[in-house]
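Enquirer: Spelled out, the chains give:
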Amino acid sequence: MTDATTAMNPDDLNPDPYAIPLDQIRMNQSRLFQNNMHGEYFRRLRKEDPVHYCADSDVGPFWSITKFDDIVKIDSNHKQFSSEPAISIGNPSADFTTPMFIAMDPPKHDVQRKAANPGVAPARLADLEGLIRERAGKILDGLPIGEEFNWVDRVSIELTTQMLATLFDFPFEDRHLLTQWSDVTTNVDMFVSEEKIQERRASLRECLAYFTRLWHERANEPPKFDFISLLAHNPDTKDMINNPMELLGNLILLIVGGNDTTRNSISAGIVGLNQNPKEYDKLMADPTLIPNMVSEIIRWQTPLAYMRRTAKEDVEFQGKQIKKGDKVVMWYVSGNRDETKIENADELLIDRARARQHMSFGFGIHRCMGNRVGEMQVRIVWEEILKRFERVEMVSEPVRVNSSFVMGYSEVMVRIIPKDKK
Amino acid sequence: MPRITFIEHDETIHEITAEDGATVMEVALDNSIPGIDADCGGQCACATCHVFINDDWASKIPAREEAEETMLELAEGVTEFSRLACQIEINDALDGLQVRLPAAQH
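The listed protein sequences correspond, in order, to chains A and B. For the first sequence, this note's numbering assigns the number 961 to the initial residue and increments by one for each residue that follows. For the second sequence, this note's numbering assigns the number 202 to the initial residue and increments by one for each residue that follows.
Please note that the accuracy of each hint is not assured.
Here are the simulated DSBU-like cross-link-like pairs (lysine-lysine), alpha carbons at most 35 Å apart as the crow flies [unchecked claim]:
1. B:K261 x A:K1039
2. A:K1074 x A:K1242
3. B:K261 x A:K1074
4. A:K1007 x A:K1198
5. B:K261 x A:K1033
6. A:K1033 x A:K1301
7. A:K1039 x A:K1272
8. A:K1347 x A:K1184
9. B:K261 x A:K1301
10. A:K1098 x A:K1068
11. A:K1242 x A:K1301
12. A:K1198 x A:K1184
Per the computed footprint, the stretches of chain B lying under chain A, defined by three or more beta-carbons under 8 Å from a beta-carbon of chain A, are [said to hold, decoys possible]:
13. 230-240
14. 255-265
15. 300-307
Honestly, the hints are just simulated from the structure, not real lab data. Even for Gly, the Cβ is constructed at its ideal location relative to N, Cα and C.
The whole structure should be built from the sequences, with the hints applied where relevant.
Expert: See the structure below:
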C-alpha cells in the first residue's frame, strides 16, 4: 500500500486481451481496472497461462497467479512466500518506508496482529452492532428523496468513516481526516509527480502527528478496546511509539483496511443489484438472503484485487520456475472469477450456495482481520435500506477508481424510491 | 456409520449420522449446522471451522499438525481443546464424537 501502480493513457488500452501477445500482458496497469477491462484479460490468463510471468513492467518483472486453488496454495505457504518487503507490486521507497504487520512475516507479524485483533474480535462486534444500526438509519433517513446524489459520498464513505472513527476512538468531529489519509495512501494520482509524492508524505506525517498525540493520551488512560489503546498498552507493541514509521505503517494498514474495502462493498451492492435487477427482486421478496448476499457482493466486487508475495527460495510451481526474490502476485479478483471453481462466476447470485467460500479476505496467516466488522456493516446497511426504500436506482454508469489494487467506485449516482410512494 | 453430536454455544444439540471419510467440517456444512463457516472449503487456510473436542475424544484423533496450529492462532477463544473441524476425518472409532461449537467464528 505504499507505492504506485502504472497509470497509462487509456487510449493505449485494448479491450480485447487476444490482441496482445501473451507475454506482453501486464496486469498492473491500473487503467485496465478503471475501465473494467481486467476481467477478460484474466479469463485469458486462467485459460492459457494461469501462472503468468510478466518480464517487464514499470515496477519490474512479476508473476501473476490467477486460479483459485493456486492462490490458496501460495497464500497458505508463508514459509516459501514472504510478505516482506511489501504486499503491493512496487517496492517501498527507500526514503519513506512504513513497515506494517500485513507486510511482515512471523514472528513479528503474529505479535502485532494479535495486539490489534481484539479491536475487531466477535465480542467487540456484538457491542458495536446497535451503534452501527443507529448510524446507518440516521444516514439513510437524511438522504434526499426525488433527487440524484452520489451514494459513495453520502452513504458508503460516511458510514465506514464513522465506524473507523469508533474503532480508533478517533475524535468524531475530525473523522473526515481518516478518509483523507486513507485516500492519499491508495490514490495513484498521488504518485504521478515529485510534488504529489511530497504532498502525500506531508499528509501522512500529519496523520502520524495526530495519532502520536492520541497515543500519549491513551497510554496514560485505562486500557480500552480501540486500536490505539490496544497497541499502547500491549507489552509487545507499547514501544512502537518509538518507531514512528512503523507506527505510521500500521495506522495506514488499519485505516485503509477498515475503510476502502467496506466502503466499496457498500457501493458494489448498489451497482451489482442494479445491473442484475432479478437479483434485486429476489432480495425484496426474501430479505433473509441478506447475509448470503453480503458474502456474494464481497466475492463479486473483490475490494482488494491482489496481494503480493516474494519467493524466499527457488520454487517449482505448476511447472514454472519461480526464482528466489521473484515477486508473486495473487490475483484474488481473478480467483473469485475462476470458472473451474465457482459456477457462473461472473454472475452476482445473491442466493449462491456456499457464498462464503470466496477469496476476497485472503487465506493463511494474513487473512483479513476485520472481515467480520466489514460484513456486519454491509449487512446492517442493507437491512436498514430494505426497511425504508423500495429501490435505490442507479441512474448512470458508476465511475471506478484508477487502481489495480483497490477495486472501488468514486461515483455511483442514484435516486431513491421510498417504500410507500411507489 | 458413525454418529456425531454437535453442541452449539447455547447448548442446542444436533445429532448427525456421518459418512466415513468425510471431515467434521463437511458433515457440519452438509447438515447446515450453525456456527461453522468453513470459508476456505477445508484447506486449513481460514480458521473459520473452529470447534472444541473434549479430552475423552482428543486421544482418538490425530494431534494437530503445524498448519492447524498456525491457523488456530487466528481463531478466537482458543483452548487446549480447540481443533479445526476440517482437519478431523471421521471413521468408525469416532462413533459418538461430541463436537462443541464456539459462540462465533472470527
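Enquirer: For each hint, tell me whether it holds in the structure or not.
Expert: Status of the hints after comparison with the structure:
no.	hint	in the structure
1	B:K261 x A:K1039	holds (30 Å)
2	A:K1074 x A:K1242	violated (40 Å)
3	B:K261 x A:K1074	holds (31 Å)
4	A:K1007 x A:K1198	violated (49 Å)
5	B:K261 x A:K1033	holds (29 Å)
6	A:K1033 x A:K1301	holds (14 Å)
7	A:K1039 x A:K1272	holds (8 Å)
8	A:K1347 x A:K1184	holds (34 Å)
9	B:K261 x A:K1301	holds (34 Å)
10	A:K1098 x A:K1068	violated (41 Å)
11	A:K1242 x A:K1301	holds (24 Å)
12	A:K1198 x A:K1184	holds (14 Å)
13	230-240	holds (count 4)
14	255-265	violated (count 0)
15	300-307	holds (count 4)
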